[in-house]
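For chain A, the structure is supplied; the task is to place chain B on it using the hints.
2 protein chains.
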Amino acid sequence: MAKEKAVRKTIKTASTPAPARQAKAKPAVRRHHDANVENILGSAASLFAEKSFGLASIREIAARAGISFPRIYYYLRNKEELLYLVAKRGIERSITSYDNLSANVTDPAEKLRLFIENHFSSSTASPAEAKVLIQETSKLSEPYLSEIRAMERQYTETCRTLLTELARAHGKELSRARSRILVSLLFGTLNSMGNWFDTERDMPHLHEITNEIYRMFAGAVQ
Amino acid sequence: MAKEKAVRKTIKTASTPAPARQAKAKPAVRRHHDANVENILGSAASLFAEKSFGLASIREIAARAGISFPRIYYYLRNKEELLYLVAKRGIERSITSYDNLSANVTDPAEKLRLFIENHFSSSTASPAEAKVLIQETSKLSEPYLSEIRAMERQYTETCRTLLTELARAHGKELSRARSRILVSLLFGTLNSMGNWFDTERDMPHLHEITNEIYRMFAGAVQ
Chain A
93 MAKEKAVRKT IKTASTPAPA RQAKAKPAVR RHHDANVENI LGSAASLFAE KSFGLASIRE
153 IAARAGISFP RIYYYLRNKE ELLYLVAKRG IERSITSYDN LSANVTDPAE KLRLFIENHF
213 SSSTASPAEA KVLIQETSKL SEPYLSEIRA MERQYTETCR TLLTELARAH GKELSRARSR
273 ILVSLLFGTL NSMGNWFDTE RDMPHLHEIT NEIYRMFAGA VQ
Chain B
93 MAKEKAVRKT IKTASTPAPA RQAKAKPAVR RHHDANVENI LGSAASLFAE KSFGLASIRE
153 IAARAGISFP RIYYYLRNKE ELLYLVAKRG IERSITSYDN LSANVTDPAE KLRLFIENHF
213 SSSTASPAEA KVLIQETSKL SEPYLSEIRA MERQYTETCR TLLTELARAH GKELSRARSR
273 ILVSLLFGTL NSMGNWFDTE RDMPHLHEIT NEIYRMFAGA VQ
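These protein sequences, in sequence, are chains A and B. Numbering-wise (this note's numbering), the first sequence opens with residue 93 and increments by one. Numbering-wise (this note's numbering), the second sequence opens with residue 93 and increments by one.
In isolation and in its complexed conformation, chain A is listed as follows:
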């Protein structure tokens, strides 16, 4: 838990440029509020992942976050809003960290490699959140569902563009059907990691694993 929070803080810090933070330093009350929100979202993600959205209760989420049951409603309206916020934060993080990583990269092959590595490390850093994104978001109702699906599309379109660009760099034009299939297969491969990746056994092979995936998909479009 402490480790997951540390990772989250690092990612958040990385996504907010330092000068901007200094210029708009938040008052202590606001920082405390944000820390509580982060804490609640982390507890919600882990409970949704363990028990599913349907079976986890706001009462349990409040208890895990160390916030009293009535007081948690100061931060959110209902359980569905929590699922929406957990999903939104997860996708935003992946998008932001990929954008930062690839900001100065022009080689399409290297961009694809970075996209795969970034998705992988986001998932392994926050496995509960990754599981919620994969398994639970379909339980959202409107307007939350459409908003999350639109963010997912933005993210997968980034990936499709990378494959298309890489194919073009090798003088090939990917058909829309084929790029859709390749993107689906790539996300399938990446998102099923949670089912078999064993931190102790597989973390030493992390680079090897992402490289294996990169070579297969780069090879497919070359």
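Calculated directly from the structure, the hints in this document are not laboratory data. A few of these clues could be false.
Result set (DSSO-like, lysine-lysine): computed pairs, CA atoms no more than 30 Å apart in a straight line [said to hold, decoys possible]: (1) A:K143 to B:K118; (2) A:K143 to B:K231; (3) B:K118 to A:K231; (4) B:K203 to A:K231.
One-sided and incomplete, this derived list gives chain B residues near chain A with beta-carbon spacing under 7 Å [what the hints assert, rightly or not]: (5) G280; (6) I301; (7) G311.
These numbers were taken from a predicted model, which means no experiment stands behind them. All residues carry an ideal CB built from backbone N, CA and C; glycine is no exception.
Chain B in isolation, oriented as in the chain A frame:
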């Protein structure tokens, strides 16, 4: 439902050699019993897939199978036994149909292609059962869990052997670590199909999709 039953029957018939069936024709009572068991397992698979093992009740399974609630206990002891039987039948089917398909094939590349196609078509023919195998079997307790895990290992070892043989045919030796990673990635790719495969949109591309996967994994070991 009617369609799924038809598919199931075809697979079962295909896996039982015709002469054996003729020699040991079952009495009508036994056939009726078997049909009820098939019916119960199909209803259990669909309810476990829709609601999860924990939330589906024997009462609902009986209702969906059209069997009275007390009478269903003539066929099974409890809900866990049903999960075990659904999983066992699913893995056995995939193993049997692959064995039949590859019986006279010696080319390791062709065997890998058949393995991928067979896994894919088993999953698309019985999506509920495939989902149960992927998401619900971890909820089994002993001795069921060990038995199912042993069957899964047998199935994945078949796949690992295929990759190793294909590498050898190209003069390469796959390390144990690498073949494990490739097998995990391949099952990840295949088993996440259920999350994106849309029958209407993707069935016309089925051969293209399995070929894409085959080329990536065959390419990885060559």
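Would the pair A:K143 and B:K118 pass a check requiring their Cα atoms to be no farther apart than 30 Å? violated (45 Å)
Measuring from the C-beta of B:G280 to each C-beta in chain A, is the shortest one below 7 Å? holds (3 Å)
Is A:K143 close enough to B:K231, meaning Cα to Cα at most 30 Å? Distance of about 12 Å is within 30 Å: holds.
Holds or violated: B:G311 as interface residue toward chain A, Cβ cutoff 7 Å? holds (5 Å)
CA of B:K118 to CA of A:K231, is that 30 Å or under? Not satisfied, since the Cα-Cα distance of roughly 46 Å exceeds 30 Å.
Was the hint right that B:I301 lines chain A, CB cutoff 7 Å? Because about 6 Å separates B:I301 from the closest Cβ in chain A, which is inside the 7 Å limit, the hint holds.
Need the status of pair B:K203, A:K231: alpha-carbon distance at most 30 Å? violated (40 Å)
Of the hints listed earlier, those the structure fails to meet are numbers 1, 3, 4, in rising order.
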